[in-house]
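Q: Since the structure of chain W is already known, use the hints to place chains U and L on it.
Now for the letters of each chain:
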Amino acid sequence: MSKVSIKKEHYNWPITILLIIGILSFIVLPLYMALMIAIKDPTDMNHILALPKVLRLHNFTDAWKMTEYPRKFFNTAFITIVNLFFTLITNSFVAFAITRNRKKSKFFRFMYYYFISAMFIPFSVIMLPLVVQANTFHLDNIIGITFLYVVFGLPMNTFLYCGAIKSIPEALDEAAKIDGAKPLQIFSYVIFPILKPTTATVAILSFMWTWNDFTMPLVLLSDSKQQTLQLAQYVFKSQFSVNYNLAFASYLLVLLPVLIVYIFCQKWIMNGVVAGAIK
Amino acid sequence: MKRIKKRKQAVDPIYYVIVSLMAVLFFAFHTLSFIKGIFYSFTNWKGYGNWSFVGLRNYIHIFADIDTIGAYLFTFRFAIITTILVNVISLLLACALNAKIKFKNTLKAFYFLPYMLGILIVGFIFNYIFANLVPAFGKAFGIQALSTNILGTNYAIWGIIIVTVWSSCAFNTLIYTAGLQSIDTDVYEAADLDGASGWKRFKYITFPLLAPSFTINMVLSAKGYLMVYDQIMAMTDGGPGTSTTSIAVLIYKKGFGGGQFAYQSANAVVLFVIVVAISLLQLRILEKREERLG
Amino acid sequence: MKKNFFAIFAVVVLGVGILGGCGKSNEIELFSSKAENKEILQQLVDSFNESHPDTKIVITAPADAGTVLKTRLAKNDIPDIVALGGDNNYKELQSAGVLADLSGEDFVTKVQDSYLQMVYDVNADKEQVAYGIPYATNASGVLYNVDKFEKLGLSVPKTWDEFMTVVDKIEAANEVPFLLTYKDSWTGLCSWNSMAPDLQPEGFTDDRLINKTTFISTHQEIAQKYLEILSHAQEDFMGTTYDDGNKAFASGEAYMMINGNWAINQFITANADFKVDMFAFPASNDPSRNFVTSGVDVLFGAAKDSKNLDVAKEFIAYMLEKENAQTYIDDQFAFSAVKGVEQKNPTVAGVKEDIAAGKVANFPDHYYPNGFDLSALLSEFSLNYVNGVEDKENIQTFLTNCDEKYDIANVD
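Protein chains in written order, with the working numbering: chain W, 1 to 279; chain U, 1 to 294; chain L, 1 to 412.
With the rest of the complex left out, here is chain W:
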């Protein structure tokens, strides 16, 4: 890195090339390998990385049927979307209520610390009793687990939203209040629109959490009809046996929706994650 070259409008090619090599060998290679295995015949596995002799898309249809992909996809999408919906409306309002009333009432101050301190409790700590608890309330199904996600996301999301709401001048609410707006109206017409960047962050983090989560479905969802995509991969591990082609086709089917979302919203996702973390 010479000092002079930085000043000129030249691209730093050595670093660019190094980064490209890094991408090819560490990120593209594993995914390429997964794709190759997924489109090959089991007898064509001598050279793992070579292109298939015969393209075999059968693996995908087999995996699709075997794991009951549509149902698992629907379950996962249901959990993710419903969670997203309720998380965004409830958690943001809770954060709003807490931030705006913290100075006025002990109750909200207490609530703030209550939620924030719960961030320190990792899931493994409450896993055993939660399973018992969830059964008592019949939450061991996808509706129950969605509900639990909404509740369990509260500490982190409150934390993120509170940070953002603090920086919105209270004069805005006051103005709306003078116009006769009720708290819910102030929130939905004045505050929530301003919170868009934070909402994006919360949305991405919740989406990633619920879509890719494995532990909670593993301990809570016992009915095979209720399984999520991730859990199904684990459950079918032993049934894929040595048929890696089928297994990898199945893995790719699970990764695909996320990849598609990423390709189209990549910039938005990256900005969202940064905005949340830097706050």
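Be careful, since some hints might not be right.
[To be verified] Derived CB-CB ranges, DEER-like:
{"#": "1", "chain 1": "L", "residue 1": "SER114", "chain 2": "W", "residue 2": "ALA50", "range": "51 to 61 Å"}
{"#": "2", "chain 1": "L", "residue 1": "ASP206", "chain 2": "W", "residue 2": "ASN46", "range": "35 to 45 Å"}
{"#": "3", "chain 1": "U", "residue 1": "PHE207", "chain 2": "W", "residue 2": "THR136", "range": "46 to 56 Å"}
{"#": "4", "chain 1": "U", "residue 1": "SER52", "chain 2": "W", "residue 2": "LEU35", "range": "37 to 47 Å"}
{"#": "5", "chain 1": "L", "residue 1": "VAL146", "chain 2": "U", "residue 2": "ILE60", "range": "48 to 58 Å"}
{"#": "6", "chain 1": "W", "residue 1": "THR43", "chain 2": "L", "residue 2": "ASP106", "range": "40 to 50 Å"}
{"#": "7", "chain 1": "U", "residue 1": "LYS102", "chain 2": "W", "residue 2": "TYR32", "range": "16 to 26 Å"}
{"#": "8", "chain 1": "U", "residue 1": "SER52", "chain 2": "L", "residue 2": "ASP77", "range": "20 to 30 Å"}
{"#": "9", "chain 1": "W", "residue 1": "PHE110", "chain 2": "L", "residue 2": "GLU127", "range": "53 to 63 Å"}
{"#": "10", "chain 1": "L", "residue 1": "ASP77", "chain 2": "W", "residue 2": "SER117", "range": "29 to 39 Å"}
{"#": "11", "chain 1": "U", "residue 1": "PHE207", "chain 2": "W", "residue 2": "LEU35", "range": "35 to 45 Å"}
{"#": "12", "chain 1": "U", "residue 1": "ILE285", "chain 2": "W", "residue 2": "ALA50", "range": "45 to 55 Å"}
{"#": "13", "chain 1": "W", "residue 1": "THR43", "chain 2": "U", "residue 2": "PHE207", "range": "49 to 59 Å"}
If you are wondering where the hints come from, they were derived from the structure by calculation, not from laboratory data.
Glycine included, C-beta positions come from ideal geometry on N, C-alpha and C.
A: Chains U and L alone, transformed into the frame defined by chain W:
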């Protein structure tokens, strides 16, 4: 505390209603579970059937149980190594991505991709790489060290670390790049004039300015890695022996499968205390550091 | 923004409606702890479902079934029917008191008494009540590649010394005697389970339970021979998975595999022309002590409080019908617990006689306390061996660990 506002403003009841409602739900499913866990830890309940109080027996047991101690040692070792590796690699990547490079946004997008992929499936994919691709490579080039499946050796922990680093670097890199972008280029120009470059510039200028990003990454990393679970279930199932059994895996497997529900509840309580202690300690140290540097 | 919310909300409500609609039909869950028999079980279940249009049995066969089952026990969410091995999983369910007493059913008389006794033996306090109906039994020992044995002119060894001679001959021909798959730690139990009944003192499992004896004072020879086997295994046996190993064995990469009859249909799937047979693991030099390790591979149980208990019983009776029992063991290369149903396949001919003559011993690990994870200990033992720890020291540490862990697990 100055009371500037003269009249205490009334709080609209709707705030109370909604916050209380969420708080009650949160209490019932999160906090109550936590409290129940503490309760179970003083019993000999197996998760079903009869039980009785056993006092501190479960806790005393933890300190004499090689399996549990082994799981703690593994988890700490894993968390420390992974935290360091992830942060070093992410910093390097972030610096590289922040340099004057071509295709900047595309490259960044590629490096962030692993964040999107569930670690369970990433674990399955790497499982295959370690079991087939790497040994095939090792044998072809006569490299003894690479010709066995690393997950079946003493170094299985490194297999898990590699996968974790692979999928975690994305997030940390992104945070560091954001931190780097916020650094004013004037600072560098000034440094250039003073003759500071390379390592010196990084050490005295870049790194101190990155302190907030560093704090975030350290805190999030440590907490996440102490809970390592998915990748182990996908790759080694805790083996060979019990050498890659993390605390979270131990709680799951023995808590449900080994008839140690109460005992593992005690273990979970100990884990909680440790996580809180570490997080607080970290925040303190890093905040102090930030103050000093900033 | 608002419109979007309504759209999403509509989708959500619709979704809930669809889901609610799905859960209505009378579904009965059959929980199976075996991955190997999923297909044949499904086939039998399908034909049962056909003849019973008002009910539908659905199979659940998750990975790591033992843990999943116990998670469900903690949730008090017991499957209607269970198909388990006669091992700790069954023991746990039985002692939790969630299984129905099936002693009074007609089908109990169809089952061989000796196997029924095996199930009683694992019941809490050895209660003589049929909470589980033995269905298929297995055999654990040495699986060998018939063609390769013939090519080298090897005959089936009857004693440990003969066994070692066979191994030497194979190695002299520059080939690999054993293919082991210790990446999946349970497979490490197989040679232990085959040797322990032959070499451990009479009544060890009972005596150990009441602390009258220890592993370290009685299991030296077993541990020694365990290591001997490892020294003749393929490279990287610690990194080979069961699935990959089965495939490699079926393609002729080694002469022998120490596992059970349940692996055979995996070989056949990988290579339909594969010729394999079994023999009892000759751990002792006294041929009369070399038992075939055989246990209850699949037993059926029904949840006591299931509202479908009647259907569950009907299903068990259906499975025990001669024709169906035969279909099952033919597919699985297993042995039937049903009277008069015989395994005729040559792939297990080598152990069939012993089994018919009752020269069998149950799996010793079925008698160890729940929570004593011997497979993890054996895996550590094997890893130490690979790492070059001196045998004597390794054995000492391993057996000491066995006793310690056993005592911990034996507390409650």
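Q: Could you run down the list of hints and mark each one as holding or not?
A: Checked hints:
Judged by the Cβ atoms, the range 51 to 61 Å given for SER114 of chain L and ALA50 of chain W holds: they are separated by roughly 54 Å. Hint check: ASP206 of chain L to ASN46 of chain W, Cβ distance near 53 Å, so the stated range 35 to 45 Å is violated. Checked against the hint of 46 to 56 Å, the pair PHE207 of chain U and THR136 of chain W passes, with Cβ atoms roughly 51 Å apart. One distance hint, 37 to 47 Å for the beta-carbon pair SER52 of chain U and LEU35 of chain W, is violated here, with the actual separation near 57 Å.
Under the hint 48 to 58 Å, the C-beta atoms of VAL146 of chain L and ILE60 of chain U, about 56 Å apart, fit the expected range. Checked against the hint of 40 to 50 Å, the pair THR43 of chain W and ASP106 of chain L passes, with Cβ atoms roughly 49 Å apart. For LYS102 of chain U and TYR32 of chain W, the hinted distance range of 16 to 26 Å is satisfied, since their beta carbons lie about 23 Å from each other. About 25 Å separates the C-beta atoms of SER52 of chain U and ASP77 of chain L, a value consistent with the hinted range of 20 to 30 Å.
Under the hint 53 to 63 Å, the C-beta atoms of PHE110 of chain W and GLU127 of chain L, about 54 Å apart, fit the expected range. Remark: the range hint 29 to 39 Å for ASP77 of chain L to SER117 of chain W is upheld by a beta-carbon distance near 32 Å. Taking the beta carbon of each, PHE207 of chain U and LEU35 of chain W are about 39 Å apart, inside 35 to 45 Å as hinted. For ILE285 of chain U and ALA50 of chain W, the Cβ-Cβ distance of about 51 Å falls inside the hinted range of 45 to 55 Å, so the restraint holds.
In this structure the hint that THR43 of chain W and PHE207 of chain U lie 49 to 59 Å apart at CB holds, the actual value being about 54 Å.
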